[in-house]
Amino acid sequence: MTIAEAMRVSETEGKGECTRGLVGLRGMPAESMRTILTRARDLLAEPQNVALDVARGRAVGLAFLEPSTRTRGSFSLAAQRLGAMVVDVSTNSSASKGESIAETVRTLEAMGIDAIVVRSAYSGAAVSAQRASEAPIINAGDGRHEHPTQGLLDTLSLAEALGRDAAFDLAGVRVLIVGDIVASRVARSAVAALTTLGAHVTLVGPDRLAPDDLTTLAQGLAITRDFDAAIATNPDAVMMLRVQFERHADPGVVQAGYRDAFGLTTERARRLHQGAIVMHPGPTNPGVEIDQAVALGRVKSVRVLVRRQVRCGVAVRMAVLERALGIS
Amino acid sequence: MPSLLITNARVIDPASGRDGVADVAIENGRIAVIDAGLDRSPAGEVIEGEGCILTPGLIDPHVHLREPGGEHKATIAGGAQAAVQGGFTAVCCMPNTTPAIDSLETLRFVASRARTSACRVFAVAAATVGRKGTQLAPIWALAQAGAVGFSDDGDVVESETVMAGALAATAHTGRAFMQHCQDPAMTRGASMHAGEVQVRQGLIGWAREAETSIIERDVRLNRAIGCRYHVQHLSCAESVEIVRRARAAGLPVSAEASPHHLLLTHEACEGFETNAKMNPPLREARDIEALRAGVADGTITVLATDHAPHALHEKEMPFEAAPFGIVGLETALPLYREALVDSGAIAWPRLIELMTIEAARLCGLDAMGLGRLAVGGPADVTLIDPDAEWTISDETFADRAGNSPFVGRRCRGRAVLTVVGGDVRHRSLARAEA
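These protein sequence lines are chains A and B, in that order. The opening residue of the first sequence carries number 1 in the numbering used here; numbering runs sequentially from there. The opening residue of the second sequence carries number 1001 in the numbering used here; numbering runs sequentially from there.
Keep in mind that the hints were calculated from the coordinates and are not lab data. There's no promise every hint is true.
Which chain B residues face chain A? A few, computed with CB under 8 Å, are given here [claimed, not checked]:
(1) GLU1196
(2) VAL1199
(3) ARG1200
(4) GLY1202
(5) GLU1316
(6) MET1317
(7) PRO1318
(8) GLU1320
So the derived label-pair ranges between C-beta atoms look like this [what the hints assert, rightly or not]:
(9) B:PRO1184 to A:LEU296: 37 to 45 Å
(10) A:GLY112 to B:GLU1241: 55 to 63 Å
(11) B:ARG1220 to A:GLY27: 41 to 49 Å
(12) A:GLY27 to B:ALA1185: 33 to 41 Å
(13) B:HIS1313 to A:ALA249: 25 to 33 Å
(14) A:THR69 to B:HIS1313: 24 to 32 Å
(15) A:THR69 to B:ARG1220: 47 to 55 Å
(16) A:THR91 to B:ASP1155: 26 to 34 Å
Note that CB positions come from ideal geometry on N, CA and C, so glycine has one too.
Work out the full structure, taking the sequences as your base and the hints as a guide.
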């Protein structure tokens, strides 16, 4: 391949839906999402103490070039429960600058790795990795761009809690996504999944964190700066996002009074309707976007899914890895 | 006896107003005669130019040749080869090298490399030491030693105090100050135009105001100084309007546009296409329209490729981490044709004027006789087949870098003969061969 050829990529490559990899949820057809979600739902029902053997002899590479504990552990467990071998070349050192993600995946591919999970602080890193690799790439978070398995696990836990996990049709479901949306890959993936499956999504946050142009992310996406008014509309679910201090150039991006205006305080949680769903991708900034008492489920009128989301995460990642490995 | 005779071409020399079919004879590196029906028998080589346009050698006042310090991206010799393939006989290289071209020593190094290169290579020197924006470079001495302009290109001169000093020192030399207009505070972490594509890709947006605020500031600073102030690579409609107003007020302000800003929008960055990652960024259709209108009404008087080679391992980085810039020398001519002539903004003579005498005046090369066709003047000429259809491909690029978003594009017009100082430095005379 010549230099210029290598620099280019076909229209369809690296966009998730056309390969067995998963770079992002934006543009993925609803049917593809439902296939993954249905398989993940079925996997949730499997006994946890029995390893499946479907991926025996296969190898999954983990290349987390940005600090990660939870997602990396979740992927590692998911791969091992499928019976796959796991090679973890994650690092926080020089590679975290992003220079070598293409080289890293080439190396893993040369080892004979069947699917590669990547994370990077740079938006677009998963696409770069997919361009460099014949092996399917699974995006475990690239900068502010996408975190597709998080979007799917959020959708699975929400659908399950609402009893919508038979067909994964979210028509009529109203969801608030609150907080630091501009820097959130979780929000971009969740918006893509939820709106594709029919949910009505409203973004909530101050203009610095939820600028108006975010409504271009999906058809029908609404935005408001008034969390209390949004709560008064009785949403089915509230997804709180972590304020990502590390992704903002301006350390003063969150002003004093953030919790008062946009935090899910105990008082505000009580104003949600009986049985409303509270989600958070974790890790939380307790006392910033969510009070610890809410996160731990002490407000009995709402259903907090934070721990269920983590559990769903393993199942979703198993389903995504099965798809990448060509098992399902 | 002439060494080279080019016959029956449409000779366009905007500096003299000539536009008509003629023969051009070249002898001893100089233009010997321009006239119709010259005798062909005594000539060394006769090239049939019928159907082609013969122009003064094209000049690009803004390229990056990467040497010294960036030889893995490109070299002066390689960049000069790219230039002649694109029809350029002279280029001005920017000082963002390592070390920067901020000393007589580095300027002489560039000049030494230029002497063995395929086209004339002039250097724009750094305005501040190390392009750090704190201490002025020896501007007067650099101008005396041949620097054809001053710029910290790649970075703006951020401090108003330093900028005022740089403008005053540059004014004293008679050269132009060429500003890279980018407010650093407004573009921290930014990698593409602030808009829909940026939003959905989770990138940090680069607002138009990051460019306009610097142009406005500089026009204000320069009002009392009167340096020739040149805005590099305009990217947006609002900038064109600021330059238009400044020129209308009689201020010594000029500006350039680049092929990619005249043709591509931020949509080209879709899918994290690093070969569309530009500084300043590709913007929207209305900006393209405004830039073309600026060329049409004389607000923008210079065209420049901002030729910026990068190595594959750099452009294959994630979009946010990949370097800004694309190569442009080999592809500029047909792209300008498409953007400006085919769109109806200007006709060929004005396009040639922008690419020759206007660029020469900006950099003081007209004093050397460049940018025009004059009997007795240096025989830098370009023969253009305006209708040659071809496809930009990997083989288009002379040097090691092929980082272009235009690969695969069908285009019209190309340089079929490039003559520098009477020497043929490039030819691809499929049709025009005598």
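To see whether the hints hold, each was checked on the structure:
1. At a threshold of 8 Å, the smallest CB-CB gap from GLU1196 of chain B to chain A is about 5 Å, leaving the interface hint in force.
2. With a least beta-carbon distance of about 5 Å to chain A, the hint placing VAL1199 of chain B at the interface is held under the 8 Å criterion.
3. Interface restraint check for ARG1200 of chain B: the shortest CB-CB distance to chain A comes to about 6 Å, inside 8 Å, so the restraint holds.
4. Interface restraint check: GLY1202 of chain B against chain A, minimum CB-CB distance 3 Å, threshold 8 Å, status holds.
5. Interface restraint check for GLU1316 of chain B: the shortest CB-CB distance to chain A comes to about 5 Å, inside 8 Å, so the restraint holds.
6. Interface hint at MET1317 of chain B: satisfied, since its Cβ lies 6 Å from the closest Cβ of chain A, which is below the 8 Å cut-off.
7. At its closest, the beta carbon of PRO1318 of chain B sits 4 Å from a beta carbon of chain A; the interface hint therefore holds under the 8 Å criterion.
8. Taken as an interface hint, GLU1320 of chain B checks out: its beta carbon lies about 4 Å from the nearest beta carbon of chain A, inside 8 Å.
9. Hint check: PRO1184 of chain B to LEU296 of chain A, Cβ distance near 44 Å, so the stated range 37 to 45 Å holds.
10. Taken as a hint, the range 55 to 63 Å holds for the pair GLY112 of chain A and GLU1241 of chain B, whose Cβ atoms sit roughly 59 Å apart.
11. Between ARG1220 of chain B and GLY27 of chain A, the C-beta spacing of about 46 Å keeps the proposed range 41 to 49 Å intact.
12. For GLY27 of chain A paired with ALA1185 of chain B, a C-beta distance near 34 Å keeps the hint of 33 to 41 Å intact.
13. The hinted range of 25 to 33 Å is satisfied by HIS1313 of chain B and ALA249 of chain A, whose Cβ atoms lie roughly 27 Å apart.
14. The hinted window of 24 to 32 Å between THR69 of chain A and HIS1313 of chain B holds, with their beta carbons roughly 30 Å apart.
15. The hinted range of 47 to 55 Å is satisfied by THR69 of chain A and ARG1220 of chain B, whose Cβ atoms lie roughly 52 Å apart.
16. The supplied range of 26 to 34 Å is met by THR91 of chain A and ASP1155 of chain B, whose beta-carbon atoms lie about 31 Å from each other.
The structure is consistent with each of the numbered hints, conforming to all of them.
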